[in-house]
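S.K.: Residue numbers (my numbering), protein chains in the order written: chain A, 1 to 231; chain B, 1 to 231; chain C, 1 to 231; chain D, 1 to 231; chain E, 1 to 231; chain F, 1 to 231; chain G, 1 to 231; chain H, 1 to 231.
Warning: the hint list may mix true and false statements.
Straight-line Cα separation of at most 27 Å, BS3-like style, residue types lysine-lysine; simulated pairs [stated by the list, open to error]:
(1) 138(B) - 226(C)
(2) 226(G) - 88(H)
(3) 138(C) - 138(E)
(4) 46(G) - 138(F)
(5) 46(E) - 138(E)
(6) 226(E) - 46(F)
(7) 46(G) - 88(H)
(8) 46(B) - 88(C)
(9) 226(B) - 46(C)
(10) 138(A) - 138(B)
(11) 138(A) - 138(D)
(12) 138(B) - 46(C)
(13) 46(C) - 88(B)
(14) 46(H) - 226(G)
(15) 138(F) - 138(E)
Label-pair ranges, simulated between beta-carbon atoms [as the list claims (entries may be wrong)]:
(16) 82(F) - 57(H): 54 to 60 Å
(17) 74(C) - 56(H): 52 to 58 Å
(18) 29(F) - 56(H): 46 to 52 Å
(19) 75(H) - 58(E): 32 to 38 Å
In short, the hints are calculated from the structure, not lab data. Using N, Cα and C, we set each Cβ at its ideal position, and we do this for glycine too.
Protein chains: 8
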Amino acid sequence: MPGFGDLGFSQVDLGRLERRGFPEAVYSEGKSPEDVAAIVRVLVEKNGVALATRASQLQYEKVRELSPDARFETVARCIVVERRPLPKLPGRVAVVSAGTTDKPVVEEARVTLELFGNSVEMIPDVGVAGIHRTLAAKERIDLCSIVIVVAGMEGALPSVIAGLVSKPVIAVPTSVGYGASFGGIAALLGMLNSCAGGVTVVNIDNGFGAGYAASLINREIALARKSPDAA
Amino acid sequence: MPGFGDLGFSQVDLGRLERRGFPEAVYSEGKSPEDVAAIVRVLVEKNGVALATRASQLQYEKVRELSPDARFETVARCIVVERRPLPKLPGRVAVVSAGTTDKPVVEEARVTLELFGNSVEMIPDVGVAGIHRTLAAKERIDLCSIVIVVAGMEGALPSVIAGLVSKPVIAVPTSVGYGASFGGIAALLGMLNSCAGGVTVVNIDNGFGAGYAASLINREIALARKSPDAA
Amino acid sequence: MPGFGDLGFSQVDLGRLERRGFPEAVYSEGKSPEDVAAIVRVLVEKNGVALATRASQLQYEKVRELSPDARFETVARCIVVERRPLPKLPGRVAVVSAGTTDKPVVEEARVTLELFGNSVEMIPDVGVAGIHRTLAAKERIDLCSIVIVVAGMEGALPSVIAGLVSKPVIAVPTSVGYGASFGGIAALLGMLNSCAGGVTVVNIDNGFGAGYAASLINREIALARKSPDAA
Amino acid sequence: MPGFGDLGFSQVDLGRLERRGFPEAVYSEGKSPEDVAAIVRVLVEKNGVALATRASQLQYEKVRELSPDARFETVARCIVVERRPLPKLPGRVAVVSAGTTDKPVVEEARVTLELFGNSVEMIPDVGVAGIHRTLAAKERIDLCSIVIVVAGMEGALPSVIAGLVSKPVIAVPTSVGYGASFGGIAALLGMLNSCAGGVTVVNIDNGFGAGYAASLINREIALARKSPDAA
Amino acid sequence: MPGFGDLGFSQVDLGRLERRGFPEAVYSEGKSPEDVAAIVRVLVEKNGVALATRASQLQYEKVRELSPDARFETVARCIVVERRPLPKLPGRVAVVSAGTTDKPVVEEARVTLELFGNSVEMIPDVGVAGIHRTLAAKERIDLCSIVIVVAGMEGALPSVIAGLVSKPVIAVPTSVGYGASFGGIAALLGMLNSCAGGVTVVNIDNGFGAGYAASLINREIALARKSPDAA
Amino acid sequence: MPGFGDLGFSQVDLGRLERRGFPEAVYSEGKSPEDVAAIVRVLVEKNGVALATRASQLQYEKVRELSPDARFETVARCIVVERRPLPKLPGRVAVVSAGTTDKPVVEEARVTLELFGNSVEMIPDVGVAGIHRTLAAKERIDLCSIVIVVAGMEGALPSVIAGLVSKPVIAVPTSVGYGASFGGIAALLGMLNSCAGGVTVVNIDNGFGAGYAASLINREIALARKSPDAA
Amino acid sequence: MPGFGDLGFSQVDLGRLERRGFPEAVYSEGKSPEDVAAIVRVLVEKNGVALATRASQLQYEKVRELSPDARFETVARCIVVERRPLPKLPGRVAVVSAGTTDKPVVEEARVTLELFGNSVEMIPDVGVAGIHRTLAAKERIDLCSIVIVVAGMEGALPSVIAGLVSKPVIAVPTSVGYGASFGGIAALLGMLNSCAGGVTVVNIDNGFGAGYAASLINREIALARKSPDAA
Amino acid sequence: MPGFGDLGFSQVDLGRLERRGFPEAVYSEGKSPEDVAAIVRVLVEKNGVALATRASQLQYEKVRELSPDARFETVARCIVVERRPLPKLPGRVAVVSAGTTDKPVVEEARVTLELFGNSVEMIPDVGVAGIHRTLAAKERIDLCSIVIVVAGMEGALPSVIAGLVSKPVIAVPTSVGYGASFGGIAALLGMLNSCAGGVTVVNIDNGFGAGYAASLINREIALARKSPDAA
């Protein structure tokens, strides 16, 4: 197995796109702007695209010095370079969220999904306290292949959605809430204990991880379309 | 303030019925059968009724020796003596639950409610994974004054119910679940963080407490009926 | 079920006043001032009133641009618009608190209660370390229909109050304290484990939730007054 | 939305197969054998198959009285009735596990997967302390569409597997371990924090949930095969 | 510093009586009956008294073989040998408790106190839900030098007692409770966060530790009586 | 029971000095400077002394406007007014600490002790990693009546000290440490589980509480000196 | 990398002795007696020795059927086969423990150490409450190369030992204790936060892990003896 | 035992170099710059070297006033004075890390190791998501005597490394991560539960502790080289 770029301080995993179908992303929190910029450049050179999550404005500016075509998704806090776009995937991914405060996590998922070639259906602010809003989302979800459900506080939305549709559900707990929400623990536990079978969960506020998981599924669906039953 | 019966090992609070509207109950776990029996007798003599929660068959048998009219509610694990029934309350209390496994807690609530004079509307097994079951409960809840919602696992049911109706909602988390449900913590946190305003919560598996709280509310409603607006 | 205002980023639940008796409130933390202002305007237009909790001065200023009759309750951190007041409720709600440091939570409860039509009886600083202060509060609580008890640290006040009176008790743990108070967990656990039957609990620092729950109860009491026993 | 069978104590969700693609399963822990048997019978009548998880020998015997073709999967603790098998799905699901002690969870996943129509590739005991065993599994996983990874203790296996392959990874933490494994919390946290993108997680010991989630994905893949790119 | 008896498997601290004023006690849980018996014998020979806490009937029987004058305090689960009693201390220690279920912990404190030479004033079952019972205890506590307060559930009793009297208060949380009492954590946190100044706390269910601490204080008081102000 | 000063927002407990032997202290965190100043003034007028803990420079300045003789103990973060000093107590209190970083907590204990009339013996920086420093402290502790032991990190110092001396030991865990010290939890648990009998514990960083508890003990010792054995 | 024995249900890591210097051990908890016996036989055939930890009497009996020279270390709960002993290591390992209740963990460490070729120095029951016992151990520890320190409750012993000697210290927290010891968490946190530099820690009750770590160190020391400075 | 420098506020443990082989280090967090400077000076005078960890730029500047030859390791946040270097140790220590964000902890370990006389082999950024990078590190680790493994998130790296090599492994969890990493708890638990035998663990982010432990081991190896087998 060949393939990692030795930057001295970092061994960039250049083979990941080939092995996993999608390239390595840069988790920027705690890294110096210089390090982020250097890693992004190496990734772009190899893969044609790069994604740095949890990035700051300062890191973005350093990245742009080396990669002038980088853009900054402010709400998502993502640096994106998309020089040679990844192949488009046929399946559509719904991103459903409980409240407007979940937006940064929703956006991180959307940016990841789009960079990785997915079409995205955004369905915001359909929390279960107004269940008619939730029910109204069913039709649009049914047209997608996968659904990501983002919610904070008690994190009940994935259970209701999963009970309504036949799609794989990836739940993302957010740190929205206060007091006994404990920075997202309440939502995380709620989702792990969902009474609706088949809900899977990622880390608190991990919009990137949900987008990555959905992309892996969507890629399998794309492969299946290319090798139909008749084959 | 007068009023407690000195049994040596116990100071039975005989004034509680007068002060609070409902009599003291006996929390039986960890008490010897003899102690439970002695306390129950004193309470019955004073108040005409007695309730011992979390009781065992053994404790019940000892109680029956001193109070032959005691009955044992097996699923609820409650010993009940109802020699001179408490006054009936006009309001109806709905007891809604998410799954059949919540039955012991549901029953503890029902036994408490009925002993304290409430009419009870039982609506079991309407968990949110089959949301049409939940929605179908709305009509019956609307006919009640108060609704107790019992759920384990992610504890999402109170949020959905509270969003549907205009009644006070008392949520009871249960220890139903496994793994990251942590004996009911997931449900408890879910209920405390409900995105639907006005949900109040009692301790895990505390059907008695929910029944008590509903009775206090129902008693206020009963008083209001006796002093109408015209007054 | 009709009724939600689509702002694109937000689906404002305009039917909530009708369904639940009280309108949706805006949880402002983490929302942009623009979003808060837009949601408040839609709510006022529909309901005549609006409440935004956990709001900042900055959010308030933006709200006032669109809704010039908005006022800011500084200690409660609430934005209030009361263009067409909600109907007054006959029952009185006591708000009892343990210490002066609990004031922001107490105020959030008071603002909610008053906006929702309740009369409020404020009984501050009667913590159990000076139990004579606590006992002195009994007479005033007895004149109310419901009592909200706010306390931090060990959260013992609801147990003592609930043992003294026959009113429904809603306990609000606050994050007042340090060290092993763990941001309000000690008070929360204390209240959930109250040895006085019938205490119900809301989230840490959730003055709004307590006010909402009390309003739901008070509304049932109001309805009862309108349909007296004779009926 | 039609569809639930009212057993009085239980509202069996008979529409779930239609809505979600797979039927409701019975979580048996804490239910009486009679209740489990009654629910299983209703489900079999409607759906042709039934699955009861976390079941005991006693519950099985009661089920067999009403459904004589039920079988008991001892290690998985599952009761299975498969009168009219569900349609076979083309994709293969790998079930990789870290140690032999994880067997009950592995088996629960396998039983669920097979009942729901999946082919299963079992790859046991390839924990990371002998990384050559882990690496040797890659080739067999590459032939599958989805991989379920089951591990206790530090739960490191999903990270390594996810870094090696391009398939969707569903991680199942188990309660295998002692001391600071805290009944599976260590493995759960490890999996939620995986440094390999796209790992999703289910509850501790939740082999059923992982099998359900994989089936939902596999069903989407099956649908895609039926509607190839040309379409 | 001289003094420890080498039993091979155990180094009995024979100098502790001299250094600390009271002898070493044997924590019996997890020790074999033979080991407990051997250690008790060595301690009795050296000190004239011995105390083994958390002991079983089986351990007691083994102890009695070597020390026939041992007695077993069943409720306290303590083995006591008092061959040459320790000197009597003049001060009186109050042991106040919230409920009858706290009895085993109360008894462990009493047995320790009496063996160590203190007079004990037992004041059981004066929990704060019946605050008049609590207030009625004040007079008897005022006649003591130190007060131990034992309570489970929310652990509010020490705060109320400490606010009433001028005596040092040692609080003992008990594991009495269920659900969110978490085996005594709620009571422990409540006591550590007491709003009444000067409450000190020992481990959950640690009646022995409270008795020991009170004895150390009482011993200082006894020394003071022997060296009055005039001296 | 007479005695509390109604400031509207606050019910100052003016009877506490009489009931408890020491006056109420003001916990300043979260209070406005104006409130702190008003409460301090009322307390000084009644009691001649006042203590405000966890105070800021800003609060101090406001206090000085109303009480010009107030002084600020910077390291201890305490505002002290000592117009008519409390009576001196004969016993000496040792304040032993593990490291120099514990200084703020040590100082809070010292300020409390001195205001309440105790003589203080300061023994800093004798942590158990250099056990000879710890052993060297024994002689000075033996001359005191009570010992307060302050330590962060693993909180082992109280166990060693308690094993060396015959004095009552009050342990104060501090938030000194990082990582798995969890803001003082490690030290708190260490002290609650001390293998040396008779250690009592106060809240994390609660130097005031330790000083208060020691003062209560010292006051009992003082009373004993006035009523010698001969009496 | 060659080397694992495929038992179908288990991939026994036969190369571990070669790779790591010591053979794989069998963690027996949760495995069927048949599985344990089969794995042990494969390991003995390959390596000449085998160790199964956390084993039951039943598992031992099954093992003995296949490996008649197996012996059962009852207190340590270990099954040991030592057909072709591993090479002896020159360095001596001290196993110091705080109390006699820690014996099972101490024994697991001893059995591991001896099987892996180490000489062991047992120093039991020298807890810090009798610090003279602790100090008296120094001389014997100084003659060893490595010291394992086993303690429950507050886990203070490693800090004191590490401050006294110049040897590597491996700390083993045990689950000895009750209440706020939380099954060994208090001791674990205490050891992780040791104020004495250089203490490393293994899992709660993990005597095997400590013995393994010490063996790895001792093996490096043995290698160094074979390649002296002069070389 | 002689030897501590009394600075009034601090008892500097000057005998530690002699007793333990390495000098006391100064934990700077929470200490005033003046105190750090004074302690460093005393240590340098006695030992010729000094190390202050978790130091700020401000503390460094104060130290340099008294010790002009001090240097500041910015990334490691360490103040180092090396006037009379400690003796060099022959063994090499590998410092392996999972990601570039772990750099501050890695650097603290390196600075400690080098000051204490060890040679260091730096192997950064070889996390398990790119397992080929991890495997590529084996050869370099095999040339060392001890390996320190630094990782955040799920902390899986030590398990994989320990399974590959025969060297003692010291694992350092870092606080790198978010959400359910809980400031390093996930990594800490992962390492404590490693399925690879013999991994020992230090506190979260404790690079110093790992360096100290490795130095103690390396010193034993150095001693062994001086007393070869022949002796």
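S.K.: Checking against the hints above, which ones are violated?
M.R.: 4, 5, 6, 7, 8, 9, 11, 13, 14, 15, 16, 17, 18, 19
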